[in-house]
Amino acid sequence: MPGAVSRDRRHFLTASAAVLGAAASAQLWLPGTARAAETPLPDGVFSLGVASGDPLPDAVVLWTRLAPDPLNGGGMPDRVVPVEWEIAEDARFGKPVRRGTAQARPEYGHSVHVDVRGLRPDRVYWYRFRVDGQLSRTGRTRTAPPPSRAGGSLRVALASCQNWQNGYFTPYADMLGQDPDVVLFVGDYIYESSPSATAVRRHEGTGEPYTLVQYRNRYAQYRSDPHLAAMHANAPWVVTFDDHEVDNDFAGEIPQDPDKQSHDAFTARLTAAYQAYYEHMPVRAAAIPDGPHIRMYRRLDFGRLARLNVLDTRQFRSDQATGQDGAQDPSLTMLGAAQKDWLLHGLRHSPTRWNLIASQIMMAETDLKVGEGKLWYYDAWDGYQAERNGLMGEFAEIRNPVVLSGDRHLTMISDLKADFADPDSDTVGAEFVGTSISSGGDQDQSAFHKEWDARMPDNPHWKFIDAHRGYHLFDIRRDGIDAQVRVAETVLSPDASSSALARLRVEAGEPGVRLV
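Numbering (this note's numbering), first residue to last: 736 to 1251.
Note that these hints are calculated values from the structure, not bench results. For every residue, glycine included, the Cβ atom is placed at its ideal position computed from N, Cα and C. The reader is advised that the hints may include incorrect statements.
Claimed, not checked - Have a look at the derived ranges for each label pair, beta carbon to beta carbon:
(1) 831 <-> 1076: 37 to 47 Å
(2) 1063 <-> 984: 14 to 24 Å
(3) 1025 <-> 1131: 28 to 38 Å
(4) 984 <-> 840: 32 to 42 Å
(5) 1054 <-> 1178: 24 to 34 Å
(6) 1224 <-> 870: 33 to 43 Å
(7) 831 <-> 961: 27 to 37 Å
(8) 1084 <-> 1063: 27 to 37 Å
(9) 838 <-> 1154: 50 to 60 Å
To be verified - With a Cα cut of at most 27 Å, we get these calculated DSS-like pairs of lysine-lysine:
(10) 1198 <-> 1185
(11) 1104 <-> 1185
(12) 1109 <-> 995
(13) 995 <-> 1104
(14) 1109 <-> 1198
Produce the complete structure using the sequences and hints provided.
As structure tokens, then:
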């Protein structure tokens, strides 16, 4: 149609305008020059805190969202509000580096995403926002190392699955003390479940979220957790979503219960969920949703030490299989053709020592059946056997592949095998399935091991399993990765202590993982 603008082109122009707007304002702002508000804003506009994310050698994304009434849509007037931002080399802002003004727009929930460029590599910076006389808390972030740096170290915290109703986000207090360079969050940032009268902490609202305002309210509630807010303010995050940010076990545009959610209703729900996700995450303008679509798979390099490939295992997957024959159907895909090609190209041509793959769901096999035969969990990579096994063949030719996963609410640390049907086949990599921050609550450890230890002989590639709440911490160097499984005593108390339950090691050039 002459003169029409395609959806992809329109999305590109919108994203580009957002980036250019932030970049242009960076050189124009002087203290006190932002346009005064038409009427004074309510107090408490920075109730959701600050965050940073997706660090590059010369750039980082700064985030906040203005919300004086966070659990009731935000409470902001229906107009664009200019927000001043600044980033400095010291916590007192005596050495400013960049300043500017960003526009908090009502159509994006008055969220602010500033893609600050021109920074120095491998540096710690402090940042803050100001609007209408109100000042945000100070955030701390850091940039990635320069592309040429081969040595050094990188400390990464792996987190996932934080269900508000199952417990407090206690593990983040320990994570804060461990001071990671970057936090990798691989899904289930919120849960869409209805409020429960018996929960440790009750979800807001009266049911599951379906509309944009309802999703905004749910994110705002989660952002109010003080440990989560402090961790966001202390280090850059790299995030991706799994299913509960939308609807349990959804696949592409297929809901968990298609008999109850029509296709049109579910795409409307996807549109609302993805927009609320973007509004609350420190991601670049490339992630601005286009209706029921959002671009989240991306790649970040940390010098020549590590490449992080962040996957999207929800948006492009085939519907889940319902049995073993279906799981082995070679036509089923988890990644979709474009994302799979992107991943393989990035792995084959990687210049880095370590190749990390952030996968929302477990890649190693989980045989649930004790004894002869197989029983798989079809929502994970086991339900997409042909594509997973093909990746294992690729991993055999890749330098030091390590998969970092979530979803399972358990710690499951495994060797990745060329052929999981043959325990004697080559080991081609390692996988760390992080436990949950709070999902599942405090589990009965004896009952867990009684059930799961019996499955160990059928899964000889498992090196360590556990059911405590917590996170994983990785110290990555050229010669190896030292990993800790750090767990909380309980998530029924926000102030419970945490400690290292297990330590593991991955040696460079030696695929697999071992307990230390």
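Results of checking the hints against the structure:
no. : hint                      : result
1   : 831 <-> 1076: 37 to 47 Å  : 43 Å, holds
2   : 1063 <-> 984: 14 to 24 Å  : 20 Å, holds
3   : 1025 <-> 1131: 28 to 38 Å : 37 Å, holds
4   : 984 <-> 840: 32 to 42 Å   : 33 Å, holds
5   : 1054 <-> 1178: 24 to 34 Å : 30 Å, holds
6   : 1224 <-> 870: 33 to 43 Å  : 36 Å, holds
7   : 831 <-> 961: 27 to 37 Å   : 28 Å, holds
8   : 1084 <-> 1063: 27 to 37 Å : 30 Å, holds
9   : 838 <-> 1154: 50 to 60 Å  : 54 Å, holds
10  : 1198 <-> 1185             : 17 Å, holds
11  : 1104 <-> 1185             : 14 Å, holds
12  : 1109 <-> 995              : 31 Å, violated
13  : 995 <-> 1104              : 32 Å, violated
14  : 1109 <-> 1198             : 19 Å, holds
The structure fails to meet hints 12 and 13 from the earlier list, while all remaining hints are met.
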